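Chains as they are written, first to last, in our numbering: chain A, 1 to 657; chain B, 1 to 100.
No lab work stands behind these hints: they were computed from the structure. Treat the hints loosely; a few may be bogus.
Unchecked claim - Here are the computed lysine to any residue pairs in the SDA-like style, where the Cα-Cα straight-line distance is at most 25 Å: (1) Lys608(A) with Val20(B); (2) Lys25(B) with Gln610(A); (3) Lys427(A) with Gly488(A); (4) Lys608(A) with Arg94(B); (5) Lys181(A) with Glu561(A).
Given the structure is predicted, the values throughout are model-derived calculations rather than measurements.
Residues per chain are reported as follows:
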Amino acid sequence: MTTVALHHGFIILPHLWLIPLLPFAGFLINGILGARLPKWLVSTVALLAPAGSFALVAVAALGVRGGAALPYAEATGTNWIDAGMLHVDFSLVLDQLSLIMLLVITGVGFLIHVYSVGYMSHDRGYWRYFSYLNLFLFFMTVLVLAGNVLLMFVGWEGVGLASYLLIGFWYQKTVAADAGKKAFIVNRIGDFGFLIGIFLLLGQFGTLQMSEIAAKLAANPAWTGGVLTTICLCLLVGATGKSAQLPLYVWLPDAMEGPTPVSALIHAATMVTAGVYMIARTHFLFDRSPLALLVVAIVGAATALFAATIGMVQTDIKRVLAYSTVSQLGYMFLACGVAAYSAGIFHLMTHAFFKGLLFLAAGSVIHGLGGEQDMRRMGGLWKKMPVTFWTMTAAVLAIAGVFPFAGFFSKDAILMAAFTQGTAGGKVFWFVGLFTALLTSFYMFRLWYLTFLGKPRSPELHAHESPWSMLGPLVILALLSLGGGWIGAGRFSAFLAPVTGMKAVEAVSTNLEWTLSGLAVAAAVLGWLVAHMLYRRNEGREPLATAPGYTVLAHKYWVDELYDAVIVKPLLMVSRFVLEWVVEFAILGGAAWLLGGIMTFSGAILQKWQSGNLRSYAAWLAAGAAVLLLFALASWNGMLTHVGMHIGNMHIKWAGH
Amino acid sequence: MIPISWYLLLSAVLFCLGMVGFLIKRNLITVFMSIELMLNGVNLSFVTFAHMWHNVQGQIFVFFVMVVAAAEAAVGLAIIIAIFRARGTLAVDRIDLMKL
Chain A
1 MTTVALHHGF
11 IILPHLWLIP
21 LLPFAGFLIN
31 GILGARLPKW
41 LVSTVALLAP
51 AGSFALVAVA
61 ALGVRGGAAL
71 PYAEATGTNW
81 IDAGMLHVDF
91 SLVLDQLSLI
101 MLLVITGVGF
111 LIHVYSVGYM
121 SHDRGYWRYF
131 SYLNLFLFFM
141 TVLVLAGNVL
151 LMFVGWEGVG
161 LASYLLIGFW
171 YQKTVAADAG
181 KKAFIVNRIG
191 DFGFLIGIFL
201 LLGQFGTLQM
211 SEIAAKLAAN
221 PAWTGGVLTT
231 ICLCLLVGAT
241 GKSAQLPLYV
251 WLPDAMEGPT
261 PVSALIHAAT
271 MVTAGVYMIA
281 RTHFLFDRSP
291 LALLVVAIVG
301 AATALFAATI
311 GMVQTDIKRV
321 LAYSTVSQLG
331 YMFLACGVAA
341 YSAGIFHLMT
351 HAFFKGLLFL
361 AAGSVIHGLG
371 GEQDMRRMGG
381 LWKKMPVTFW
391 TMTAAVLAIA
401 GVFPFAGFFS
411 KDAILMAAFT
421 QGTAGGKVFW
431 FVGLFTALLT
441 SFYMFRLWYL
451 TFLGKPRSPE
461 LHAHESPWSM
471 LGPLVILALL
481 SLGGGWIGAG
491 RFSAFLAPVT
501 GMKAVEAVST
511 NLEWTLSGLA
521 VAAAVLGWLV
531 AHMLYRRNEG
541 REPLATAPGY
551 TVLAHKYWVD
561 ELYDAVIVKP
571 LLMVSRFVLE
581 WVVEFAILGG
591 AAWLLGGIMT
601 FSGAILQKWQ
611 SGNLRSYAAW
621 LAAGAAVLLL
631 FALASWNGML
641 THVGMHIGNM
651 HIKWAGH
Chain B
1 MIPISWYLLL
11 SAVLFCLGMV
21 GFLIKRNLIT
31 VFMSIELMLN
41 GVNLSFVTFA
51 HMWHNVQGQI
61 FVFFVMVVAA
71 AEAAVGLAII
81 IAIFRARGTL
91 AVDRIDLMKL
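With the hints as extra help, turn the sequences into a complete structure.
Structural data, given as structure tokens:
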């Protein structure tokens, strides 16, 4: 334990490296020995790791509350890379931003681990599941704690790996394996942008330590735009991949093939928010590039609206939530784009609560129905699954932005920040956000009506309530969804101000504030009213099916088909061409043909030699002997010349006469 | 006294006669006899040099060559008889079944 003496007394901050290391130990133990360990031991190890990390983070939070000096950097002895001007170490940094992220990751992560014990209890790959989940926590905490961009990239890639492993967890199913591959490949495109951004950072600043980059920028206040814009846009490409924004969002809906707790933890609460975290973490770069910020805001607003419209017509309960996640991540990007980073992180936190809850509750429904995910076959579940129903209701109200649930505060903060940005663009973003809030409310209440109300449409499924290991996390997350927003955007921003900076908010009249909040709530209520009118009777038929544009939405704007035709198919064709014609035919075939040709040709010539004619053999033999003789004579002659004699001078004489 | 070079010359002539016979004759028995001629040509040069250098090794070599030639003649003649029985001819140009 490191002790920091302050005037308050002794403030204790834990060793930061323990936070990622505990889940890693869990991963190693379960990953190597899990198959041979009894189930209760696997569960114990798997739960102790995140619990320990959460306890450490809680200690750190208490230390920060007690007044520990932040940012608190912890260098870990050795350097990682020492090459010329490049120095990269393993330093971990705790500041307000990483503390919030850690609390969310380890807290929600622990709850989802507990939930998984119930949810995955019948799965044969129980130990494998938990080792992957612990591995994810390891990389995610590394990502958040990293003091330099390269270490962050390690965590970034690592969570991508864990995501891939968990999406394809049921690898026997082709769709799951394909979805894992899709997620990995699409993320690779984003990571490529991130990597180029890292190279540019290194080229411009000569260091990857984020504090040093920030200091160099601060020392040069006139430096804006130019290469900084390029760097920011490259980082943004990385963020759009990881956080499933336009145009790289396509992997997230497919990622729902993984186990539902994974969707809750990785594809809703934590990993997909890494892009938002990264932008907030490198906000000192984005602050210097108005163009990049504008692009971030446009991407965010467009994604929020786009995904929400698709979410309106999905029939798979997890797909609705997936598109909802994409849409909510769009909100966070929108917040970052109007430089309201703390509002974005605030929404990230509340979103982790209510979206994690939504997924877990959906998982509880799926579990209770024996794997059924189609909402058209649900209905009337509120009697059978009361706890799931009430917790889900809290989450729906929270995401819809109904006062006083958590989503209201964070969404309000984002809309407010957009509206008060002071540009015409800000007003547009605000309106898009408001309209998306209406859509969000609509599709969430649609899900709520279809799943829980009305008459059961599939009584043969024998719905039953889930065990308490699953309901416990639901209740805790429901309480957080209810009360998590009461921290208040103002206090939250003030807490984060040392990291993300305090946005200069123009003086806003209380009236405007109330009006905006009222409008947001009105949008939520309107969305509920529409859903109520359409789905109250809940007959299992889609009342929107005849509406104009329904086909477009039901086919998700044909984006997958478009990507397939424009990118995947041509790429496959080129790959096939390269494989079959360049590699197989030209290189391998050519080499084989050439070698074979040389042999055939020389064989055809040498074959003549092998005439089978005894006298020709004899002639060759004689010729060979003659050549050998000549050769021997010549060299003997040369040797004699060398020692000063010549064969012509040699007198052969009778020795005895 | 006959100079030593004459012996060597005779030896070379014998060898060359044998070689030419080996190359141009078609009858297997004649070819065989040509080989014997070459061997004896070599034998003569061995003996000549042995006498010239007062070294007995050359003569020992001659005995070895004679032994091997005798064995070779026995085996070779047996093969020739076998071939004649099988093919009815001793023309070397027509004994070419080993050719592809």
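Failing hints, ascending? Checked against the structure, no hint fails, so every one of them is satisfied.
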